[in-house]
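Colleague: Protein chains in written order, with the numbering used here: chain Y, 1 to 447; chain A, 1 to 447.
Source of the hints: derived by calculation from the structure; they are not laboratory data. Small disclaimer: the values here were computed from a predicted structure and weren't measured. Please note that the accuracy of each hint is not assured.
Which copy is meant is left open, because identical chains are indistinguishable; a pair holds if it fits in one copy or across any two.
[Said to hold, decoys possible] Below 25 Å or equal to it, Euclidean Cα-Cα: the simulated DSS-like pairs (lysine-lysine) are:
#1 Lys-233 <-> Lys-93
#2 Lys-445 <-> Lys-93
#3 Lys-295 <-> Lys-233
#4 Lys-234 <-> Lys-93
#5 Lys-27 <-> Lys-415
#6 Lys-415 <-> Lys-34
There are 2 protein chains.
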Amino acid sequence: MITKEILNAMFNARNVAVVGASANPDKTGYQVLKNIIDGGFRGRIFPINPKAEELLGYVCFAELSQVPEEIDLVVVIVPAKFVPDVMRQAAEKHAKGAVIISGGFREIGNIELEQEVMQIAHDNNIAVIGPNCQGINYTPNRLCATWPLLTSRGTMAIIAQSGTIGAAMAGWAEDDEIGFTGVVALGNKSGVGEIELLDYFADDPATKVIVLNIEGVADGRLFIETAKRALTKKPVVVLKPGRTARGAEAAASHTKSIAGSDQIFDAVCRQIGLIRAGGIAEFYDFAKVLGTLPKPSGNRLMVVTSSGGSGILAADMADDLGIRIEKPDADTVEQLRTVLPNQCVLSNPLDLTGDATAQRYQDALEVIVRTDLADAYLVIFGDPIEGAAEKMAQIRALTEKPILCAFLGGGEVQKREVPLLNKAGIPVFPTPERAVRAFGALLSKRN
Amino acid sequence: MITKEILNAMFNARNVAVVGASANPDKTGYQVLKNIIDGGFRGRIFPINPKAEELLGYVCFAELSQVPEEIDLVVVIVPAKFVPDVMRQAAEKHAKGAVIISGGFREIGNIELEQEVMQIAHDNNIAVIGPNCQGINYTPNRLCATWPLLTSRGTMAIIAQSGTIGAAMAGWAEDDEIGFTGVVALGNKSGVGEIELLDYFADDPATKVIVLNIEGVADGRLFIETAKRALTKKPVVVLKPGRTARGAEAAASHTKSIAGSDQIFDAVCRQIGLIRAGGIAEFYDFAKVLGTLPKPSGNRLMVVTSSGGSGILAADMADDLGIRIEKPDADTVEQLRTVLPNQCVLSNPLDLTGDATAQRYQDALEVIVRTDLADAYLVIFGDPIEGAAEKMAQIRALTEKPILCAFLGGGEVQKREVPLLNKAGIPVFPTPERAVRAFGALLSKRN
C-alpha cells in the first residue's frame, strides 16, 4: 500500500541513486545525473555504473547494493531486462521510491517483465513512477530527476501522462518566473498514477493548483472521488487529449488507454468542478491564472489599455464567452477626466492611447479600483511601457479583486517587465484573447 | 495623387528629418530618433528641435526649412497645432512622405486642423502616414521610424490599424528570426491607407505575404478590387477585430470606423481569397506559414513526433479542421521497421518515442518523404532534441512538400534550435495545435 508518507519520503528524498548513470552526454543516464546535480539537490547523490569509478565528480558504484547506506529514491535508466534486479537491490536498500525511466515494458508487449518489477515493488512497499516515463521534478527538494533542467519554484503541481507536455508546462512556468512545485511524468503508470498524485498534491502545502494531463482513467468512480476530494482543497485543471475520433485513436496507440466517451468525461468535469482545458496553451494559462488569483465575485471585467486595437480583441473574446464589459458611470468618467489627457477614450475598454506611460496607467487604475464597476481588471500594455510592473504592484495593493495583464508589442522592455509582473502576483498573457479566456477559467464553478 | 513612385521614394528615403526630436529619453521624439539611428539607417538624419544644437551625435536644426538639402521623409512628432507649419516646410523641402506620429486631430474632434494638414499634403503631393500613428519601419532601407526597435529583415509586410498589433507582429517575427519587410501603422489614415499600401506591397519584390489589420473599410468596392489585385500576386491575411457586438462598439470608439456587418465581411474574404485570422496569434501564425511555405496539393498531413501526447493534440486539431491523418501503408511500415527501434509506433502520428534523437527523426523522415502518403509533414519535437535544425535542413532538401514544426518542452536546446529551423524555411510553432491550425490556413482558397 503506497501511503502519502511513502510518497512524501520519495519527493523529499534525502539521497538519490541513479542506476544507469552515464559519462556519455548523449545518454539519458548522463542528462538525468547532471540535472540532479545542476538542479542543486542537497542530499547525497550516488551514480551507479559498473564501468565507471567516478561520474561528474561523484563516486560511482558498480551495483546499487554496494552503496553504504539506505537509499530514499532510486532513479532507473538501465535496459528493461535489468530492472527486476535493480528493484531487488532497491528493496535491500529500503528504497521508498523508484522512478523507472527505462522503457521496454508493457508499451511494447513485455507485460510479464513489468509485472515482475511491480511485484517486487508491491512486496517491498516501493512507490514506482513509470516505468517508461520522463522522471520527476520536485522544486521544494531541488530534485530535478528528469529533463530538461528546470528549477523554478512555484505553486503549480504538474501530473502528466506525456513527459513532453509536463516539460512544456514547467518550461513555460520557468520562463514566466512563476515556477512549479512538481512535475511527475506518469509513463505506464503501473505503480503511482493520477489517483495517488492528486491525493498527494491536494495536501501538499506548497501547491496551489494541480494540473493533470491524462489520456484515460482506469477506475472512473475512484477518479471522481479523488478529484472531488482534491477540489475541496484547490483547483484542478485537466487536459485530456483524444477529444475527437482521430485523437482517440492516437491516444489508444500511445498509452493503450481506452479513452471512453469524451462527452461523458466532459460532463463529469463540469459536474464536479474540474476545469478542462481545450488545448495545451489553455492548459498552461488556466493553471497560471488559477494558481495566482482568487475567484472573482462576478463576471464584470474592466479593460484598461494603451492599445485601442488590443482592447477590441479583448472585447470580442469577452463577448464570445459571455463576460460582461460594462461602461463606467458618469461619476467615474468625471473622475477619470480629471486625471487623464483629453485624447483618452473614457469607456470600457478604457483607452489610454498610444503615448500612455506607466504613470498614466496608475492614475487611471487608482480611480477605477476604488469603484464597484467591475469584478476584475484586465490591463493590456501595448508597446514598451517602462516601469509597468512597479506601478502595477502599487495598484495590486489597493484591491483584493483579480488583476490580469496582457503585454504585447513591447520589445525588450516587455521581456524585462513580464516576469516582474508575474512575480508580483499579476499574471501576464501574451495576447488579449488568452488573458480574457484565462479570466473565463477563473469564473468556473469550483469549490 | 499618391503614386507608387511617391510611396517608393518614402520607403526608400535617402534622408530623413525628425521634427520634434528630443533629448529626453521619456519622449517619443527621442525614441524615434534613436531607433532610426540604432536601426542602422544609412541615409542622412536631421533632428529638428529649436532648443538643441546636437542630438544623439547629430547636428540639430531649429526648423525643417533650415536643413540645407531636399528631404525625402519627414517624421513629425510635435504638438498638433504646429503640424500645418511643419507640412509647409516639408513642401518647401520637396518631401515625398510625412509620417505624422503626433495625435490631437480628428480622433479628438480637431477635424479642421487635420483637413488643413491634409490639404497641404494634397497640394504638394506628399504621402501622409497618420496622423496619430505609430510610424513606419521598412527593413530593406533599415528605416525604423517607430518603436520598439525592430530590425529583422524578412518577407512579411504588416499594415496595421493598431500600432501595438503591428509592433507585436514585427516583434514575434524578430524573435523567430523570420523578420519582416515593413510595418506601417495607419493611425487616422487620412492620407495613405490600406488601399495604397496593399497595392504597394503587392508589387514589392521583397514581400511574400501581406498582413492587414483593419477595423473598418471606407470604400468596400475599392477595397475588394485592390485586394483581388494583390491576391493575384501573394497571399493576404486579415485581422479585423470587432467581430462581436461588444467588439464592434469598442472599434467604433477607437477609430470611429463603422464596422459594417461582420458576416458580409467574412463572406467577402472567403469569396475573394482573403485569409481571415480569428485572433492575433492566428494572425501571426498564418502570416508565418503563408510567407514561408507553398500551397500543398491536398489536405493529408503526416505527423512525426517523439511525444505521443503531442501527437494526440495534433490529431484532435486535425480532426476539428477536417484535415486528413492517414495511416502509412504496409510497405512503408515495413521500411520504417528496418530503420526504427521496436518501441516506435508506426502509425500516423508516427511516434518515435521519448528517447528519439535528431538522427532518428531523420531516419524516419527519409522514408516518409519518399512516399506519397501525405501532402505535407508536421514534425513535433518534444523535449530537448539537439541538432534538430541541422537534420531537418537535410530533409527539407529532399521534398517540395510543406514541412511544419512544433517544438515544446525543450528548454535551452529548443531556444537555440527554433530560430535555426525558422531560418531554414521550416516554420516552427509553439504548440501542436497552432501548427495544425497554420497548416489549415495553408489550404485556404487563394490565387
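Colleague: Please go over all the hints and tell whether each is borne out by the structure.
Modeller: Here's how the hints hold up against the structure:
1. In this assembly of identical chains, Lys-233 and Lys-93 lie within 25 Å of each other by CA distance neither inside one copy nor across copies; the values are 35 Å within and 71 Å between.
2. In this assembly of identical chains, Lys-445 and Lys-93 lie within 25 Å of each other by CA distance neither inside one copy nor across copies; the values are 46 Å within and 65 Å between.
3. Proximity of Lys-295 and Lys-233 under a CA criterion of 25 Å is satisfied intra-copy only: 14 Å inside one chain copy versus 51 Å between copies.
4. For the identical chains of this complex, Lys-234 and Lys-93 are neighbours neither inside a copy (36 Å) nor across copies (68 Å), given an alpha-carbon limit of 25 Å.
5. In this homomeric assembly, Lys-27 and Lys-415 come within 25 Å of each other (Cα to Cα) only across copies, at 21 Å, whereas the closest approach inside a single copy is 34 Å.
6. Taking the shortest alpha-carbon separations for Lys-415 and Lys-34, only the inter-copy value of 20 Å comes in at or below 25 Å, while the best intra-copy value is 29 Å.
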